[in-house]
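Residue-level listing of the chains:
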Amino acid sequence: MIYELLKTSLALTAHQIIFYLIAATILVTGLLAVTSPKIFRSAIFLLFSLLGIAGLYFWMEMEFVAAVQISVYVGGIVVLIIFSIFLTEHAGKEARKAPPVRTIAASLAALFGIILGFLIIGQYPFAVSSEAFDNSVSRIGEAMLNYNEGGFSLPFEVVSILLLAAMVGCIVVAMRPGVLSKTEKTKEEK
Amino acid sequence: MVPVSHIVLLSTALFFIGMYGFLTRKNLITMLMAIELMLNSVNINFVAFNKYLYPGKLDGVFFSIFIIAIAAAEAAVAIAIIINLYRSHKTIDVDAASELKN
Amino acid sequence: MNGYEHTVWILLLPLIGFVLLGLFGKKYFNKSAGIIGTALLTISAALALLTAYQYFFVNGLMNGVYPKVQALKFTWLMFSPGLSIDMGIMLDPISVMMLVVVTFVSLMVHIFSLGYMKGEERFATYYAFLGLFTFSMLALVVSSNLFQMYMFWELVGVSSYLLIGFYFQKPSAVAASKKAFIVTRFADLGFLIGILILAYYGRSLDFNTIIQTLTAQQSQGYLAAVSASFLGVSALTWGLTLVFMGGAGKSAMFPLHVWLPDAMEGPTPVSALIHAATMVVAGVYLVARLFPLFALNGASLTIVLTVGLFSALLAAVIACTQTDIKRVLAYSTMSQIGFMMFALGVSGYSGEAGLGYTASMFHLFTHAFFKSLLFLCAGAVIHLVHSNEMKDMGGLRKYMPVTNIAFLVACLAIAGIPPFAGFFSKEEILLASYNKDMLVYIVALLTSGLTAFYMFRLYFSIFFRKAAPDIHGHQGEGPFSMKLPLIILTICAIGAGFIPFGKFVSADGKPLETHFHLMFSVLPVIVALTGIAIAWWMYKKESGKVESVARSMIGLYSASKNKFYVDELYLFITKNIIFKWIGRPAAWLDRKVVDGSMNEIANGTLEVSKSIRGMQSGKVQRYALYFFAGIAFLLIAFIYIWK
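Protein chains in written order, with the numbering used here: chain A, 140 to 329; chain B, 230 to 331; chain C, 17 to 659.
None of these hints come from the bench; they were simulated from the model.
Note that the structure is a prediction, hence the values are computed from the model and not measured.
For each residue, glycine too, the CB sits at the ideal point set by N, CA and C.
Hints are supplied without guarantee of correctness; some may be wrong.
[What the hints assert, rightly or not] Okay, the calculated beta carbon distance ranges per label pair:
(1) B/316 x C/647: 28 to 36 Å
(2) A/251 x B/328: 50 to 58 Å
(3) A/251 x B/318: 13 to 21 Å
(4) C/613 x A/236: 49 to 57 Å
[Claimed, not checked] With the C-beta cut set under 8 Å, the calculated list includes, among others, these residues of chain B facing chain C:
(5) 248
(6) 251
(7) 252
(8) 319
(9) 323
(10) 324
(11) 327
(12) 328
Model the full assembly from the supplied sequences, consistent with the hints where possible.
The following block contains the structure:
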């Protein structure tokens, strides 16, 4: 009933309505994520925001990217964040509020940025192409490992090295001091 | 049809929400969360441009995939640093780490 | 091309002596420096005499005039095709005469110093300085270019500074050398401005060209020079007067004479060379060089005349009361140079009217001999007595026979007693002034009487009277090297008067017949003999006559003894006026304003940096804020403003 109403009054298709709903979700949860005083809550709000973005990808018929988003971002990064919240024993605590001056200034800055962005973007005619978009996973897979023109094997390899470096770096940075010399001592004892 | 500009507006708003959060928050982990929001907004942009403006290529998709991968690595390293900082300062307040003052 | 290329060696040999002894003297040549210097200068003097012989006798007259020969010329600095500084050697009657005088007197001084300066630690340096001075003076007299003359003028000043301040451990010597340099440098300021004016109107720096341009009364240069005027006086007069100011400084004319008495702090042979024969006559030489211009410009010639006459009289009056023998000789020099100056002042250009010019140059020639003889004798006396004051001397004729005779001959020459040299030259000066102006003649006569008086006062006080208690004659007169120059110069002082000078040197280059007017010369000789008689009466024996005469002229006596307070006046002006009102404010300006502004700029930078430093708070979010702000600014700039 309401659907019919919306459809006739606003002349919107379901496609568009779903987009605006998803967009609203993303923005609202994002805003809550950055303003919530409790840390754990803001992490959960972040999770919802990222899920919303995944939904947006699904709406755009980019299933692969959506899947990657959920599995890596939501399932990896947000979990990592939650782990770190627990590790630093801040789960139940409240985040300190910023001084009001800073809040006002930052919100003004953000508003300024948004308005500037709106102005600039509004002037640009985005030339929508009417071609069909072949988004199948096989095509993506072929492109990823393709070393010819139009292939992405080089960035793929580079990213893999980056991940290796990040792994090693994390371990070294987060290691307890003295662990390295202890392992050497145990080796000598053996 | 949703005009592309609306999608771009969405990503812009999300970016500036992330920026607001980055400048306002006192806690290192919440700052990290705001950074993730910013990165995601950029992702939305890439994907939208690829689908609507350049459907023949796959560049936008790959770009966003790699951004996700890199964001993951960067978040991991950031967490490691935060843990290290927590060990030495016993707090993750960002103002505590101001040894480079003046 | 011309036969005079060897003249460059006259200049270069002393210079080589300077370089050699100055660089290596102390280490290698300390004992033999004197021999080397003297040997070089002997060759130089021989070459000078050869050149004179060649110029006057072998080549002689050309079209009835002695020509101006350019022996050497090369362009040193060219500003524009019309204006260039050339270095060169120009030979004309007066420069050849000066070559002979300078080298000869310098040679005598070199020989004398072998004995006088023996045992001196800086023996080689002394001879090096002598060589430098000789070189600069020689180059000055043969200059063909006004700027070259100025350069060597300054170099002569530097050499005299080095030589006067030779005993630099004595503060009085240091002060004297500074005073000499500063006073002459101040005079050279006028000289430089005069050079610029003359060069501008004469369209060139070359002597011949300037003289040609500015004496041809129809030429553009001359007309421009006399029509342009400043404070009611024409530019040409200004130029010549300022050039004369430079000459007056170097020649110790009033009021720039204050350095000459103090310059006696240097070694006595140096005084003989510099302050008797060579450097102090540079001013007279300059006026003589530019004489055609002076002759046409009555105003500047009158200034020359007045300054010369006044200086002559003033110096004679002061010399009557001085007790230091070198000071007496210094004032005597000033007086005699005054004679030379006013002789130029009464002179015209051609024919009989040009007698003053010839007389002045003749007096320069003879004066060089007898004045250097006087100084060298004084050196011998000081060497014996170890003091400069007359009261420590007396009755020395027993101990120093040769010096006695030499001194007597020189005093007779300067007093103008025939047949000694000074009589002829002084007689010509008096004749020239008699022809010009009666007042000038009377003052000149009076001054020559005073000259005879004070010279013989000096002679009698040194060689007669009762000996001072602590003189021992055991030292003797000095080695042969000190006696030889005295003997040679005595012969010159006697014989130089007989040279028919007018045949060689005259204002327009044509030989001038000078007649000997017997009747005319009686009066000056009588005046001179009167002066000698008064001196004899007062100074032959110790008596109370000196004190009674001094008491009767008490005001004049004390003013004269204190050199008419000129030094005190200068000191007052510099200390109270220049230092207080110009020097101190200028120093304040330099410290507070100039330095202060620099300090303030540095301070300001420091303050700004301190305030900016606060921007580095160490807070990451602050940095991010700056980062975003920068991006926003760039965005706006690039999108909206800079399309």
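Right, here's what the structure says about each hint:
1. A hinted range of 28 to 36 Å holds for the C-beta pair residue 316 of chain B and residue 647 of chain C, which are about 34 Å apart.
2. The hinted window of 50 to 58 Å between residue 251 of chain A and residue 328 of chain B is violated, with their beta carbons roughly 32 Å apart.
3. Look at residue 251 of chain A against residue 318 of chain B: about 34 Å separates their beta carbons, and that is not inside 13 to 21 Å.
4. Our hint of 49 to 57 Å for residue 613 of chain C and residue 236 of chain A holds, since their Cβ atoms are close to 51 Å apart.
5. With a cut of 8 Å, the hint placing residue 248 of chain B at the interface with chain C holds, because the nearest CB-to-CB distance is about 6 Å.
6. A cut of 8 Å between beta carbons decides the hint on residue 251 of chain B: the least distance to chain C is about 6 Å, and the hint holds.
7. The beta carbon of residue 252 of chain B is positioned within 8 Å of a beta carbon in chain C (closest approach about 6 Å), and the interface hint is therefore held.
8. Checking residue 319 of chain B against chain C: minimum C-beta separation of about 18 Å lies over 8 Å; hint violated.
9. Against a cut-off of 8 Å between C-beta atoms, the interface hint on residue 323 of chain B holds, since the closest Cβ of chain C lies about 6 Å away.
10. Restraint check, residue 324 of chain B versus chain C: the minimum CB separation of about 6 Å is within 8 Å; hint holds.
11. Among the interface hints, the one on residue 327 of chain B holds; its C-beta lies about 3 Å from the nearest C-beta in chain C, closer than the 8 Å criterion.
12. Taking 8 Å as the C-beta contact cut-off toward chain C, the hint placing residue 328 of chain B at the interface holds, the least distance being around 6 Å.
Hints 2, 3, 8, counting from the list given before, are not met by this structure.
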